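Chemist: Here is what each chain is made of, one letter per residue.
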Amino acid sequence: MVVSAADGPPSRRPTQHFFTEPGAAGFGFCSTCGSGLYGFGPGTFFVAAGVLQDLTLEPGYHLLVAYKAPWDVITGDAPQHLEFPPLPDDPAARRDARS
Amino acid sequence: MSATIHGACLCGQVTFDVQDPGGMSYCHCTRCQRWSGGPGLAEVEVDAANFEVTRGEELIKQYTEEGFSGFGFCTNCGSSIYAFGEGKYYVAAGVLQDLEFEPAYHMMVAYRAPWDGISGDAPQYPEFPPEG
Chain A
1 MVVSAADGPP SRRPTQHFFT EPGAAGFGFC STCGSGLYGF GPGTFFVAAG
51 VLQDLTLEPG YHLLVAYKAP WDVITGDAPQ HLEFPPLPDD PAARRDARS
Chain B
100 MSATIHGACL CGQVTFDVQD PGGMSYCHCT RCQRWSGGPG LAEVEVDAAN
150 FEVTRGEELI KQYTEEGFSG FGFCTNCGSS IYAFGEGKYY VAAGVLQDLE
200 FEPAYHMMVA YRAPWDGISG DAPQYPEFPP EG
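Read top to bottom, the protein sequences are chains A and B.
The numbering of the first sequence is the numbering used here, which starts it at 1 and goes up by one.
The numbering of the second sequence is the numbering used here, which starts it at 100 and goes up by one.
The shape of chain A in the complex, shown without the other chains (with noise of 0.2 angstroms):
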């Protein structure tokens, strides 16, 4: 989930931790208790749904749905998208939309 803009991480505490690798979302996690935070690309957190309090959104799309594991079923009716969402401009997503 979006909720903060940032231009990355920030900055160091003694209680986060950041895993990262080149060309995928970077993780923060807490390095006292392992409770996974966030993930983080340039200028987005994805904070983790399960760390946030009375949450009352439900989800608007699954990602990345091609990759998910046998034992995975998704429920619900948000849609599913085998990889990324569609952007909001791209011309591709208008006529699916249409379709």
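Keep in mind that the hints were calculated from the coordinates and are not lab data.
Worth double-checking, as some hints may not be accurate.
[Claimed, not checked] To give an idea of the chain A side of the interface with chain B (calculated C-beta under 8 angstroms), a few residues:
{"no.": "1", "residue": "17"}
{"no.": "2", "residue": "22"}
{"no.": "3", "residue": "23"}
{"no.": "4", "residue": "27"}
{"no.": "5", "residue": "36"}
{"no.": "6", "residue": "46"}
{"no.": "7", "residue": "49"}
{"no.": "8", "residue": "56"}
{"no.": "9", "residue": "57"}
{"no.": "10", "residue": "59"}
{"no.": "11", "residue": "65"}
{"no.": "12", "residue": "67"}
{"no.": "13", "residue": "75"}
{"no.": "14", "residue": "76"}
[Said to hold, decoys possible] Okay, the calculated bits of chain B under chain A, using three or more residues with CB under 8 angstroms as the criterion:
{"no.": "15", "stretch": "143 to 149"}
{"no.": "16", "stretch": "162 to 172"}
{"no.": "17", "stretch": "189 to 199"}
{"no.": "18", "stretch": "205 to 216"}
Quick caveat, the model's predicted, so the values are computed rather than measured.
All C-beta atoms in this analysis are idealised placements derived from N, C-alpha and C, irrespective of residue type, glycine included.
Use these hints to put chain B onto chain A, whose structure you have.
Modeler: Structure of chain B alone, referenced to chain A:
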């Protein structure tokens, strides 16, 4: 003895093997939500004697609180590896390779997140599954 199930964390520096697992289940409790960052923990139960860390044991940190299952994670990449307690490990399904299990049940469903839509036909228990 069943085939060995291999597992690895995201960065690959911790690897482990599981033998004779007891089955797979989902825990939807708030502790598992916070720890995993997701709707809970999909976990494979295994006796402690049948869980072996084959590489990177020194990178695993265990987090414990009195009266609850402990958690073990990779200190390099943060991957959730297992919950543990009372002679068993509950290995995170997401770090096990080529897992062919289906969940046998969902537990702690009374505490699930509002956005957690449970699917499938497996029994759902408000708290723990019945004994036996």
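Chemist: Verify the interface restraint on residue 75 of chain A: the C-beta must sit less than 8 angstroms from at least one C-beta of chain B.
Modeler: 3 angstroms, holds
Chemist: Let me know if the C-beta of residue 22 of chain A comes in closer than 8 angstroms to any C-beta of chain B, holds or violated.
Modeler: Violated: closest Cβ of chain B sits about 13 angstroms from residue 22 of chain A, beyond 8 angstroms.
Chemist: Going by Cβ atoms only, is residue 57 of chain A closer than 8 angstroms to chain B?
Modeler: Result: holds, 6 angstroms to nearest chain B Cβ.
Chemist: Using C-beta distances, would you say chain A covers the stretch 143 to 149 of chain B, given that this needs three or more residues below 8 angstroms?
Modeler: violated (count 0)
Chemist: So, as I understand it, the hint says residue 76 of chain A touches chain B; can you test that by seeing if any CB pair is closer than 8 angstroms?
Modeler: The hint holds - residue 76 of chain A has a Cβ within 8 angstroms of chain B, the shortest such distance being about 5 angstroms.
Chemist: Classify the hint on residue 56 of chain A as holds or violated, based on whether any CB of chain B lies nearer than 8 angstroms to its CB.
Modeler: With Cβ-Cβ at 7 angstroms, under 8 angstroms, it holds.
Chemist: Hint check: is the beta carbon of residue 23 of chain A less than 8 angstroms from a beta carbon of chain B?
Modeler: With a minimum Cβ separation of about 14 angstroms from chain B (threshold 8 angstroms), the hint on residue 23 of chain A is violated.
Chemist: Within the assertion that chain A covers the stretch 189 to 199 of chain B, do at least three residues meet a Cβ-to-Cβ distance smaller than 8 angstroms?
Modeler: This one holds; 4 residues, not fewer than the three required, reach chain A with a Cβ under 8 angstroms.
Chemist: Can the hint on residue 17 of chain A be confirmed by a CB-to-CB distance to chain B that is less than 8 angstroms?
Modeler: 6 angstroms, holds
Chemist: Between the stretch 205 to 216 of chain B and chain A, see if three or more residues pass the 8 angstroms beta-carbon test, and mark the coverage as holds or violated.
Modeler: holds (count 4)
Chemist: Would the stated hint for residue 49 of chain A survive a check requiring a Cβ distance to chain B of less than 8 angstroms?
Modeler: Hint on residue 49 of chain A: holds, closest Cβ of chain B at ~6 angstroms, below 8 angstroms.
Chemist: Against chain B, is residue 36 of chain A within 8 angstroms by beta-carbon distance?
Modeler: 3 angstroms, holds
The structure fails to meet hints 2, 3, 6, 11, 12, 15 from the earlier list, while all remaining hints are met.
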